[in-house]
Amino acid sequence: MHNHALTPTGTLTGGPPNGTVISAENLTKTYGDVAAVDGISFAVPAGESFGLLGPNGAGKSTTMKMIGGVTRRTAGQLSIMGLDPDTHGPEVRAHLGVVPQQDNLDEELRVRDNLLVYGRYFGLPMSYLRPKADELLEFAQLTDKAKSKVDALSGGMKRRLTIARSLINEPRILLLDEPTTGLDPQARHILWDRLFRLKEQGVTLILTTHYMDEAEQLCDRLIVVDKGRIMAEGSPAQLIREHSTREVVELRFGSERNATIGSRLEGIGERLEVLPDRVLMYAHDGESALEQVSARGLRPLTSLVRRSSLEDVFLRLTGRSLID
Amino acid sequence: MSAPAQARSRTFGPLYSRNARAVIARGLMATRSTNWLVMVSGFFEPVLFLISMGVGLGSIVGDVQGPDGTRISYAAYIAPALLAVSAMNGAVYDSTWNVFFKMNFAKLYQGMLYTSLGPLDVALGEIFLALLRGMLYATGFTAVMGVMGLITTPWALLMIPASVLIAFGFASLGMGITSFLKTFQQMDWINFILLPMFLFSATFYPLSVYPEPIQWFIQAMPLWHGVELLRQISVGSFTAATPVHIGYYLVMTAAGMLLTTLRLRSLFLK
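Line order of the protein sequences matches chains B and F. Here the first sequence is numbered in our numbering, starting from 1335 and rising by one per residue. Here the second sequence is numbered in our numbering, starting from 1262 and rising by one per residue.
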């Protein structure tokens, strides 16, 4: 039994192919006097990969918890496939897959049993779960670990198992809270590949991250969140176009001199950002900007010309780095 | 009636999805693979007490007066009390330490609650597991009493369901209380309450040794009612106090379940 029957069928199969699966209006969550999420609004169409980008404490995880119905909102409207998660938590979650920030695999169960037992929490029958678990182990490249204990797995494997587990109920929406934090580059790329495949299958991905490269790789569209508010919204390319230049020159003059040298760089490029450890020079053409720096007789210890990234967008919007 | 309306009409719509059996199945599977040693040790504890105090100490105490006035061996006197203590300890361990750990460290409930399960499914499942374990212990201990020749009447078999009732009272109240506790230091208070209750609830000697005010105090405590109830059942001698003991646990269970359910929202649905 797949719990589809619990939700009105119209919102599940009926609607237009790109119907909105999540809509939030003025979503607010306050703890005492502190607003963790301060009136944000967004809508996510089915099949989209939607990102929430922001530093720690921006309110990303709180938003995810409200979507999953495990944290009640203080104010605003929230609708997940036409249902209010506050009043229909179990029904909403029947169609959600959740990958929390910290793995919370069941350490007392073996790898395959983790999948089976999790499926039972959704009320799914064993006849469906046994082949499904094997299929997901294959998908997560963990088939040979089926009988292992969870704590014998590496960090990347645990993460993949958590993702496999979140897919046991064939969710229509997958919530990923910082899916690759703490993983080495190789493990991250394997994970990204798996998430790509899910996206190709039409699963709506909602992910939070504070890695710009991850957001650029995975998100069709994203909101930049800071202090519980939306600072900007758009596709990664769009955001970069609107809030940054094409290229960035990173100059390091040594931590003593970065601040004092700033004034001598005035006029080169379109904008200058002086950070404690480096100077960022925003320019359409990075190489020619760098030549102008040399022409003024300035010799940075290191210099680097790169494309603008979402990190620069974030810096521009908030005046702060994503990872402090 | 549309599905959302149905869910709204259920009192516990967001709290309960009628799937506590999945939580129970998970508990049994986990027990099979890792926890069985803890379970075995929980069974032996009262048995060791019975041998040391009942047989050892009993050899110099001799026979004592039983609940119905006849003389019974000291071991037969304390055995039902130890069973009550074991029901209490097992239920309290499962509903306090076990729940505390799963809630704050293993993040097990966090994972469960991101599924279709509601907090009430989790609570019912965990309490059921605590009671199942309590019943297994009670059955084992009753069998040991039988082997040691401490059972003289078929009434004694009723000690098993009575132990489950005692466990139910402690488990439901214990889970409610645990929901307030946040640190290990606070968890230690539980032991601070349990140990004196174990030692002084007429477990090893009759209540009459105390001055009257202390007697009243002990009679207000839950364990004394459990000890008296099982002691009466063990010899099949019932008085007007018997329904009072049973009623005490029924009220305690109801109060505990009410407290636990009220706390679930603030615990899990912040």
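In case anyone wonders, no lab produced these hints; they're calculated from the structure. We put the beta carbon where it would ideally sit given N, CA and C, even for glycine. Keep in mind that a hint or two might mislead.
Stated by the list, open to error - 27 Å max Cα-Cα, derived DSSO-like pairs, lysine-lysine:
1) K1466(B) <-> K1368(F)
2) K1533(B) <-> K1363(F)
3) K1368(F) <-> K1492(B)
4) K1363(F) <-> K1492(B)
5) K1443(F) <-> K1481(B)
6) K1466(B) <-> K1492(B)
7) K1561(B) <-> K1363(F)
8) K1483(B) <-> K1363(F)
9) K1443(F) <-> K1479(B)
As the list claims (entries may be wrong) - Okay, the calculated bits of chain B under chain F, using three or more residues with CB under 8 Å as the criterion:
10) 1408 to 1415
11) 1438 to 1447
12) 1566 to 1579
Unchecked claim - Covered, in the sense of this in silico footprint (three residues per stretch, anywhere, with C-beta under 8 Å from a C-beta of chain B), are these stretches of chain F:
13) 1280 to 1293
14) 1371 to 1377
Each hint tested on the structure:
no., hint, result
1, K1466(B) <-> K1368(F), "25 Å, holds"
2, K1533(B) <-> K1363(F), "33 Å, violated"
3, K1368(F) <-> K1492(B), "15 Å, holds"
4, K1363(F) <-> K1492(B), "19 Å, holds"
5, K1443(F) <-> K1481(B), "35 Å, violated"
6, K1466(B) <-> K1492(B), "18 Å, holds"
7, K1561(B) <-> K1363(F), "31 Å, violated"
8, K1483(B) <-> K1363(F), "18 Å, holds"
9, K1443(F) <-> K1479(B), "36 Å, violated"
10, 1408 to 1415, "violated (count 0)"
11, 1438 to 1447, "holds (count 8)"
12, 1566 to 1579, "violated (count 0)"
13, 1280 to 1293, "holds (count 7)"
14, 1371 to 1377, "holds (count 7)"
Violated hints for the displayed structure, listed by number in ascending order: 2, 5, 7, 9, 10 and 12.
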